[in-house]
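Please model the complete structure; the sequences and the hints are all you need to start from.
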Amino acid sequence: MSHLAIAPVLLPLLAGILLLLLRHGDIRLRRALSVAAVVAEIGLAVALLLAVSGGEILVYALGDWPAPYGIVLVADRLSAWLVLTTALLALFALLHALRGIDVAGRHFHVLFQLQLFGLAGAFLTGDLFNLFVFFEVLLLASYGLMLHGGGRARTRAGLHYVVLNLAGSTLFLFAVGTLYGVTGTLNMADLARQVAAVPADNVPVVRAAGLLLFGVFALKAALLPLHLWLPAAYAQASAPAAALFAIMTKVGAYAILRVSTLMFGAGAGPLADLLGGWLLPLALATLVVGMLGAVASTRLRAQVAYLVVASAGSLLTAFGLNTADSIAAGLYYLPHTTFAAAALFLISDAIAGRRGELADRFEPGPALPAHALLGGLFFVAAVAMAGLPPLSGFLGKFLLLRAALDHPWWPWVLGTVLAGSLLGLIALARSGSLLFYRARPAEGAPPPRQAGLTAELAPFAGLLLLGVGLTVAAGPLSDYARATAEQILQPYHYVHAVLGGGER
Amino acid sequence: MEALLALMIGVLTACGVYLALRARAFPVVLGLTYLSYAVNLFLFAMGRLSIGRPPVIDAAAAGYTDPVPQALVLTAIVISFAMTAFVIMLALKARAELGNDHVDGRES
Amino acid sequence: MTPRSILLARAVPPLYWLMLAAAAWILLRGHNEPGGGFIGGLVAVAASAAVAIVLGEAAARRRMPRPPLELAVLGVLLAGLAGLPGALAGQPYLTHLWWGVDLGIAELKLSTVMLFDLGVFCAVWGTLTAYLLALLPEAAKEEGT
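Chains as they are written, first to last, in my numbering: chain A, 8 to 511; chain B, 91 to 198; chain C, 68 to 212.
Where hints are given, some of them may not hold.
[Claimed, not checked] Computed spacing ranges between beta-carbons, pair by pair:
1. C:205 <-> A:235: 26 to 36 Å
2. C:132 <-> A:35: 24 to 34 Å
3. C:82 <-> A:206: 48 to 58 Å
4. C:84 <-> A:507: 25 to 35 Å
Keep in mind that the hints were calculated from the coordinates and are not lab data.
For glycine and all other residues, C-beta sits at the position ideal for the given N, C-alpha and C.
Set out below in structure tokens:
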């Protein structure tokens, strides 16, 4: 009995509980435990990825209750890819937090581990209601992380974020309830079968439930017009929390991809391609709106938050094209854009901490200490985020554009993605030049936090190196992404692995 | 019974949506609570309504009621309770820090 | 603090133990009949709430076996660990094991499910009491103003 499929879910949970028991203990001990747990999580994620890279699908029946009666965890290529991305991102966000942000409020490490627990669970579960539960776990942890550090602006943004997500959770339950009422199952593989065989009377009901589900995931993925919560929330959260949140919109994108390919894919009969008409135009509009927001921002953090919206747009464009090539391009682009956005959140914290009162607002201020190093690194991160060569963002976008050529809407897709990239470039160039070139001579007291720049930038550099790694290993990784896309476009394998071969 | 329950869910949802769109934190929290009540009833009804039937296997039973929605409702109640508890604490914190209970933190 | 009824103040301490006994009974009854850790935990919270409202938070806190938050954490830990014996025995996590102990008159059934339920009981009791004790001072402030 291999426990590999559940290990990445259990490890952060146990680490979180231990950290809560040790909450009055030595901070060094808690930090060491937290980092060790995340490193072990990376190891488990790598092992999981290797175990499924040949196309196997690991199914883990919790409590030995067979599917579809019990809850199963299912690890396929897609799940393993996202769990590994999450674990790598978490390590660098955590390393940044160790420089003092983790003691600015209570329970940072506990919430961080519980957030990882929710993320890993959401990626690995094979049950729709269980997906809801893990969404709630990761949201509850994210509420705590979002408010970490306190302050008025943070509280206000946090209240909006929480209320909006509560409304989203209610809609999720309505959708799940409707699907259960019609099909009598919540297991995603079984749902795939039942949806394909749903009687004609019930087709409109399932369609409504599917679109409601899509609406909820679109809220998490920050798809237009449900993206409005994101910039305020991400711009106000503390830097490591915002960096970890870079994966949160990807949970929504993952759920959209999983549900649309598994339950409403080509084999779903009258409900096939349920999202086809909606996803692509909305994703393109999200891309444009995100980039326009980035151009119009007056603060660096808000700008990065809008770039996250735009990257969600690019990602969902890839998923919306719905071919093996485009989904592969999207999956290759996903870790890249996550790491790049997180890196920008971390460096904007380093920049804001050196500008005193001005913080990260786009106003000319005194020259930054070590501005050559900071500016150079900002430049690299901006290149990564905007998707310019030679970094992996360019490869991702290139693969996406090449995949789009086969689609009837290709002029729109190409035009929008290229125009979006241009807008992103303009936005980042403007902020870079305002922050680094237009300096006026320093007056009064020198800005605080001079020391420890190299150490502070180490996690940031680590994230950039991951981006470089994505570029260097582009061959095998894009092969893996391609194999993943082919696997999820053949939901038969997933259904077969979970339910066995017997038709009913 | 079905009509009554459907009406009930509809009324709760309508009240919940109305209250959730108010500008004060307290009615918003109350509205979200109403919405969660509505969704709990809805989930329960999705297992079909039946009276006096056992959910677990019983030799003497003429028929069964579906146990899954009961488990779902229990989970949903726990989660919505936790969320409501959190949002109440947050609303209290917001009122203390911002000086009023407007959802945007300003008196209009 | 507002004056409380003397009858209530005298009645609550014995009532507390009675309610806890009822909670324990519901917890054990959950084996094969309606009941279980969650509902038992809620009854225990009601007991703590009664004490907290009538005799004050300190009294309620004193009567808990551990501080509320710690109780909750231990409960979650217990529930999480209850799944491990099954996993160590070569079955999936959360597979529960059962043992029958012959007592001569009747057979007592022991299982890891009981540990799980006990964990849920502690988690519910601890979490909700912690929440209640955190909110009560706020309510007292409201009354004062």
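Has the hinted range 25 to 35 Å been met by the Cβ atoms of residue 84 of chain C and residue 507 of chain A? The hint (25 to 35 Å, Cβ to Cβ) is violated, given that residue 84 of chain C and residue 507 of chain A are roughly 52 Å apart.
Beta-carbon spacing of residue 205 of chain C to residue 235 of chain A - inside the hinted bounds 26 to 36 Å or not: 31 Å, holds
Cβ distance range 48 to 58 Å for residue 82 of chain C and residue 206 of chain A, holds or violated: Because 56 Å falls inside the window, the suggested range holds.
Assessment of proposed distance window 24 to 34 Å (beta carbons of residue 132 of chain C, residue 35 of chain A): 31 Å, holds
Taken one by one, the earlier hints fail for this structure only at number 4.
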